[in-house]
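Work out the full structure: start from the sequences and follow the hints.
Residue numbers (my numbering), protein chains in the order written: chain A, -11 to 250; chain B, 377 to 581.
A few of these clues could be false.
Partial chain A-side listing against chain B, Cβ under 8 angstroms, derived [as the list claims (entries may be wrong)]:
#1 LEU31
#2 LYS41
#3 GLU52
#4 SER61
It should be emphasised that the hints constitute simulated quantities derived from the structure, not laboratory data. Note that the structure is predicted; figures quoted are calculated from it, not measured. Glycine included, each C-beta is placed from N, C-alpha and C at the ideal position.
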Amino acid sequence: MTREEANRLLQPYIDGELDPAKTLELEAHLAENPSLRAACERLREMSAAIRDKADYYAAPAWLEARVRAAIPSGPANGSARPAWWRWLSPAGSFAVAADWLRPAASFAAVALVTWVVALGTMRPGEDDRITQEVLASHVRATLASRFYDVASSDQHTVKPWLSARLPFSPPVADLSASGFELVGGRLDYIGAQPVAVLVYKRRAHLIDVFVWPVEAQKTGQKLAHDGFNIERFARSGMSFWLVSDLNRVELDDFARLLAAAT
Amino acid sequence: MLATDSVLLHETDPVPLRDTDPAPLPKPLSEPKRRFEQLVLPHFDAAYNLARWLTRNDHDAQDVVQEAVLRAFRFFDGLRGEARPWLLSIVRNTFITWLQNNRPADTVGFEDGFVELIPSDEDGPDVLAARNFDRKMLNEAIAALPLQFREALILRELEDLSYKDIARITDVPIGTVMSRLARARRLLAESLGATPNISGTQVHK
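See below:
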């Protein structure tokens, strides 16, 4: 890697947009090159200063009230197709984005989690903690080979078992037709509450799906953490967190199937 | 508990949101309006923040946001994936239309293609560490950035969006997002007296 290339990669690096291979390569350069390190540090400081000090303008309450009132109660008229229609196309032109732009570097992901939490609308720190907790639960289950408390591929067995032990009834989807086999369920304790963990299997990979009731709407999100892929979304009043060593693409497929089935 | 909370996956989600919803619940509000309020209006502040940074004053930001949110509701059927970048793309489009109608002079050069070469000086003087930036000066310096750099910077640093989302919202390739961000940070550093040594490469829009 030339100095020029390293310079060029600093920006995607601090933005968490560099893939793991390039990240490692760049970090090797950073380790042995003080001036590159200093440049990287200045970039980070610039980014941090903006996040910390730039004004974030909240909307005046009266404006939101006015806009709310102006939204018609009748059916939305969605017949026209505006310029942003391309948001709909399943794989936009950006599917061809260079590999190194995929934000999978675990280092970068940690930074990203921190920023997301700092800027999120939810209680700061909570998401970060839950990420750690679901990951720890997944790893613990793997280390101890204790993957489930109830072993069954039958959703009508797993769901009542969990419902009987929890203050809520988690949706349990049968996705075996799509190649994601339900193997069981277990209980765990995440974010200071008992939660359901549904365990699915894809070839030799286990996928833990953590489910608990959620009140507020949360944004869908994908993270990579220490080699595990983590994905989360909210559906039917429940918060879903998926943790697996399965690759990102198949975990995405699984998340879509699960969301559609619950 | 409501049974129609949304799923918010990424934009490749082929599952039409509305088709996967369970049976309708009793309707105190119309279904689309209620769903819009649940899904999109939580991002009202983000919409306002972007509009405020684009227009640089409260009054115009209010007009742009009101128009954008009402437009978003008209095209609500088109929402797939995450609501926040979707809404922000509508805010941005509404702003461009507003700009063309109200400040046509400001649009010159904005949508035009440009080629830029960002110099790659290795060890420029580190005049002032960014952490020491004065809050007021920093805000003024950001507000003074040319539009295309300002919007990329705001979407990246204040909305924490990915290059991919920024590219979609601002309707340019990812490479252009990268060069605009590099340029925005460099201009900012220069105007504040620091040198972040951001280098770039030749970029075509």
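ask   = Should the hint that GLU52/A touches chain B count as held when the rule is a Cβ pair under 8 angstroms?
value = Hint on GLU52/A: holds, closest Cβ of chain B at ~5 angstroms, below 8 angstroms.
request  = Using 8 angstroms as the Cβ threshold, decide whether SER61/A counts as touching chain B.
outcome  = Given a least distance of 5 angstroms, the restraint on SER61/A holds.
query = Should the interface hint for LYS41/A be scored as holding, given a Cβ-Cβ cut-off of 8 angstroms against chain B?
reply = holds (5 angstroms)
inquiry  = Is the interface hint satisfied for LEU31/A? The criterion is a beta-carbon contact with chain B at less than 8 angstroms.
reply    = holds (5 angstroms)
Checked against the numbered hints above, the structure violates none of them.
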